[in-house]
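A.B. asks: So the chains spell out like this:
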Amino acid sequence: MDSNRTRRLSAAALAAAVALTVAGCGSGSSSGDSGKAGGVVTISVNGLPPATQTVDRKNFEDDVKAFEASHPTIRIDAREGLMDPKTFAAKLAGGQLEDVFYVYFTDPAGLIQRRQVADISQYLKDVPALADVKPELLDVFKDRTGKVYGLPTGNYSMGLVYNRALFTKAGLDPEKPPTSWDEVRTAAQKITALGDGITGYADFSKNNQGGWHLSSWIYSLGGDVAKQDGETWKPAFNSEAGHKALQYLHDMRWTDDTMGSRQLLEIPDVQKMMGSGKLGMYLAGPDNIPTIVKQFERKYDEFGLAAMPGTGTLGGGDGFMFNLKNTPEKTKAGLAWVQWKYLNPEREEQITKKSAGSDIPIGLPQPDLFNGKGGETIKAVHAQYANVPQRNYQPFVDRNSSVKVKVEPPNAQQLYAILDGVMQAVLTDKDANRDQLLADAEKKAATVLAAVK
Amino acid sequence: MKVDTPRASRQGPGVAAPSVPPRPLGAPLPRRDRLRRRIADNLVAYAFLVLGILAFALFSWYPIVRGFLLSFQQVNFAAPAEWVGLDNFQRLLDDPLFLTAWRNTLWFTLLALVFGFAAPFVTAVVLNELRHGRAYLRMTVYLPVMLPPIVTVLLWRWFYDPGPGLFNNVLKIFHLPPQQWLESSNLSMLSLVIVSTWANMGTTTLIYLAALGGIPGELYEAAQLDGASIRQRLWHVTIPQMRFILLITLLLQVIGTMQVFVEPFVLTGGGPSDATITVLLLLYRYAFVYSDFGLASAMSTVLFVVLGAFAGLYLRLTRTKG
Numbered sequence: 016m017d018s019n020r021t022r023r024l025s026a027a028a029l030a031a032a033v034a035l036t037v038a039g040c041g042s043g044s045s046s047g048d049s050g051k052a053g054g055v056v057t058i059s060v061n062g063l064p065p066a067t068q069t070v071d072r073k074n075f076e077d078d079v080k081a082f083e084a085s086h087p088t089i090r091i092d093a094r095e096g097l098m099d100p101k102t103f104a105a106k107l108a109g110g111q112l113e114d115v116f117y118v119y120f121t122d123p124a125g126l127i128q129r130r131q132v133a134d135i136s137q138y139l140k141d142v143p144a145l146a147d148v149k150p151e152l153l154d155v156f157k158d159r160t161g162k163v164y165g166l167p168t169g170n171y172s173m174g175l176v177y178n179r180a181l182f183t184k185a186g187l188d189p190e191k192p193p194t195s196w197d198e199v200r201t202a203a204q205k206i207t208a209l210g211d212g213i214t215g216y217a218d219f220s221k222n223n224q225g226g227w228h229l230s231s232w233i234y235s236l237g238g239d240v241a242k243q244d245g246e247t248w249k250p251a252f253n254s255e256a257g258h259k260a261l262q263y264l265h266d267m268r269w270t271d272d273t274m275g276s277r278q279l280l281e282i283p284d285v286q287k288m289m290g291s292g293k294l295g296m297y298l299a300g301p302d303n304i305p306t307i308v309k310q311f312e313r314k315y316d317e318f319g320l321a322a323m324p325g326t327g328t329l330g331g332g333d334g335f336m337f338n339l340k341n342t343p344e345k346t347k348a349g350l351a352w353v354q355w356k357y358l359n360p361e362r363e364e365q366i367t368k369k370s371a372g373s374d375i376p377i378g379l380p381q382p383d384l385f386n387g388k389g390g391e392t393i394k395a396v397h398a399q400y401a402n403v404p405q406r407n408y409q410p411f412v413d414r415n416s417s418v419k420v421k422v423e424p425p426n427a428q429q430l431y432a433i434l435d436g437v438m439q440a441v442l443t444d445k446d447a448n449r450d451q452l453l454a455d456a457e458k459k460a461a462t463v464l465a466a467v468k
Numbered sequence: 002m003k004v005d006t007p008r009a010s011r012q013g014p015g016v017a018a019p020s021v022p023p024r025p026l027g028a029p030l031p032r033r034d035r036l037r038r039r040i041a042d043n044l045v046a047y048a049f050l051v052l053g054i055l056a057f058a059l060f061s062w063y064p065i066v067r068g069f070l071l072s073f074q075q076v077n078f079a080a081p082a083e084w085v086g087l088d089n090f091q092r093l094l095d096d097p098l099f100l101t102a103w104r105n106t107l108w109f110t111l112l113a114l115v116f117g118f119a120a121p122f123v124t125a126v127v128l129n130e131l132r133h134g135r136a137y138l139r140m141t142v143y144l145p146v147m148l149p150p151i152v153t154v155l156l157w158r159w160f161y162d163p164g165p166g167l168f169n170n171v172l173k174i175f176h177l178p179p180q181q182w183l184e185s186s187n188l189s190m191l192s193l194v195i196v197s198t199w200a201n202m203g204t205t206t207l208i209y210l211a212a213l214g215g216i217p218g219e220l221y222e223a224a225q226l227d228g229a230s231i232r233q234r235l236w237h238v239t240i241p242q243m244r245f246i247l248l249i250t251l252l253l254q255v256i257g258t259m260q261v262f263v264e265p266f267v268l269t270g271g272g273p274s275d276a277t278i279t280v281l282l283l284l285y286r287y288a289f290v291y292s293d294f295g296l297a298s299a300m301s302t303v304l305f306v307v308l309g310a311f312a313g314l315y316l317r318l319t320r321t322k323g
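Chains as they are written, first to last, in my numbering: chain A, 16 to 468; chain B, 2 to 323.
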């Protein structure tokens with residue numbers, strides 16, 4: 016009897032302990048709180064560099080301290096991580112999404128369309144820095160009615176990264192990189208002719224990156240990927256520019272054999288080729304150069320940057336958006352943080368001076384966010400403290416202003432997935448029917464664009 | 002008049018006797034009492050089970066139910082979900098990649114069965130016949146299973162590289178033309194199947210080896226006395242004796258291979274020209290590239306139903322055998 020009672024009591028205790036543990040697991044920090052205590056607003060923000068990037072992390076933490084000192088009513092809860100589509104929905108559903116969170120230019124359209132972000136239009140009068148920000152970059156964060164949902168903090172436009180040593184070896188002038196696709200084709204032939212497994216030109220064709228780059232090709236040849244027709248969007252890549260782009264790719268891959276035999280490449284593959292000194296040219300933004308230099312222990316002197324061949328290019332970038340559940344206080348505090356940290360040309364000298372002795376690159380031609388006085392200030396500071404060979408990027412600076420920068424199309428990732436197939440087919444099948452490929456892709460893209468609201 | 006029953010007298014005067022007659026000694030307990038007794042007897046076991054049940058409920062059953070509901074909803078995770086009926090399924094059917102993905106998945110499954118089913122069986126039979134180095138070879142066959150899948154796939158990416166890759170260099174030695182292992186629409190799926198077979202056949206081989214070890218030696222002796230050749234012994238003794246194990250592994254393999262993801266995700270990204278896009282890869286795209294969780298859930302519901310049919314068949318077979 017006693018033993019039975021003991022067993023039952025033990026069982027009840029065990030069950031209770033389990034229940035309490037589970038209940039304990041369930042009670043986390045709620046995101047629904049106002050974040051305001053004693054007149055102080057606490058906001059969570061991401062973008063904190065990981066501990067492995069010691070200099071960047073220290074700079075970020077110093078910025079947090081300095082910001083809190085100058086804004087005594089705001090506390091920053093800094094978290095690691097940028098935009099990760101794999102965890103975004105789970106964080107949003109679980110109330111764990113930061114109050115101010117990082118996004119790439121491909122994200123805002125979808126987030127706005129799905130009503131997952133806060134409208135910050137009414138608070139923008141408190142962000143005077145926006146007056147100098149290039150308006151086309153702010154447009155990325157607007158909906159059709161002009162409401163604003165975020166702020167841009169970085170930008171890039173696609174250019175041509177090239178290996179200067181291979182240019183010289185191949186008898187090309189590294190100070191005068193190609194400005195048209197015909198010139199790219201000729202340069203690729205000369206570089207490939209060097210032999211020793213060297214590839215003249217490489218391009219992506221996997222995981223939507225092929226579609227992303229094909230869009231850049233089409234822009235560079237004067238075309239568009241999608242066009243707005245009244246209230247609706249329609250595919251525009253089945254055009255002369257689209258056909259020309261595929262023709263060039265086909266000829267370089269199959270006729271000239273200057274693109275190597277391995278295809279279905281993505282960013283890390285091509286960066287590795289460039290980092291190992293076996294690649295002549297590829298399309299990328301300026302930010303690729305420090306990645307290659309750091310990852311493959313190369314020198315900045317080895318690489319050059321030219322503007323996109325042709326007349327247009329694809330522009331991208333990053334910025335911050337705001338949690339839909341934010342209180343007005345949190346949104347205002349978040350705007351104050353983004354403006355102070357990222358949209359503040361007056362702080363540029365202080366930040367640059369601090370980074371000058373580190374391996375943080377200073378003097379790359381982008382990001383280039385500001386017009387007017389802000390932009391001039393930043394350029395002057397970067398020229399003064401440059402720790403990368405700016406002359407190697409002069410071909411980009413000289414010509415980029417004459418190249419029309421076009422932002423990503425709506426439902427960009429879905430369109431890129433469709434165009435990925437086209438890129439793959441041209442680079443892996445010598446006899447691919449390019450007219451048919453573009454026509455089929457157009458039909459699929461029409462369905463995707465019909466869903467754009 | 003007061004009825005004097007033993008029960009009434011035990012309960013004391015003034016207490017009415019129950020209308021239920023006393024239970025004779027040895028008679029079974031009423032159903033409710035039996036249930037109570039069973040619960041009381043197993044209380045400790047149930048308490049220990051709570052954690053497991055909660056874990057299953059939270060991490061397995063709840064996501065399954067939630068996923069099923071999501072397939073009938075449009076969600077943004079910021080506002081209450083909107084019921085959309087069968088819209089997600091309709092959109093799924095409208096996507097031309099839906100049929101392509103299923104066709105590719107079934108093709109992969111079929112190829113994986115041809116290779117992944119035969120290769121471990123043949124390997125197990127050969128290993129079983131060996132007199133020397135059996136343990137070493139058994140370990141060698143199992144070694145790839147211990148490699149993380151991503152390492153396996155990256156290793157094979159180098160094998161398949163059309164330039165400096167291993168396979169094309171071997172072909173070159175024999176003066177054969179190089180192949181576009183992953184870049185060709187015709188070869189890419191077969192290439193993925195070979196990777197998958199190499200990576201997973203170790204476990205199946207061990208299962209077959211264990212089953213082969215369980216076949217009574219007398220059967221082979223008797224067959225040998227009857228003058229049966231090796232092929233006849235294999236056909237008339239080994240295969241009939243392993244029929245059940247072969248069937249079970251076949252079903253498990255169908256369920257496993259239909260969920261192929263890592264190989265196409267890392268090696269081909271679904272290309273070239275959607276030649277290797279599979280159901281799970283498309284589902285991944287819906288959810289994590291397009292953030293369309295309703296569509297992804299509809300896809301997973303369809304996959305769940307198909308795999309559920311195979312799982313049901315598996316359960317039925319194992320029960321029949323039991």
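Keep in mind that a hint or two might mislead.
[Unchecked claim] Keeping only pairs whose Cα atoms sit at most 30 Å apart, straight-line, the calculated DSBU-like set for lysine-lysine is:
id	chain 1	residue 1	chain 2	residue 2
1	A	Lys293	A	Lys309
2	A	Lys314	A	Lys293
3	A	Lys369	B	Lys173
4	A	Lys162	A	Lys309
5	B	Lys173	A	Lys191
6	A	Lys314	A	Lys73
7	A	Lys347	A	Lys309
8	A	Lys419	A	Lys394
9	A	Lys101	A	Lys157
10	A	Lys287	B	Lys173
11	A	Lys80	A	Lys314
12	B	Lys173	A	Lys259
[Stated by the list, open to error] If you anchor each label on the Cβ, the simulated ranges turn out as follows:
id	chain 1	residue 1	chain 2	residue 2	range
13	B	Gly257	A	Ala105	47 to 57 Å
14	B	Tyr47	A	Ser136	52 to 62 Å
15	A	Lys184	B	Leu177	46 to 56 Å
16	A	Thr102	B	Gln260	37 to 47 Å
17	B	Thr141	A	Val412	34 to 44 Å
18	B	Leu177	A	Ala454	50 to 60 Å
Keep in mind the hints are simulated off the structure, nothing from the lab. Backbone N, C-alpha and C fix where the C-beta goes; we use that ideal spot for every residue, glycine too.
A.B. asks: Are there hints from earlier that the structure breaks, and if so, what are their numbers?
C.D. replies: The structure breaks hints 3, 4, 5, 7, 11, 12, 13, 15, 16, 17, 18; every other hint is satisfied.
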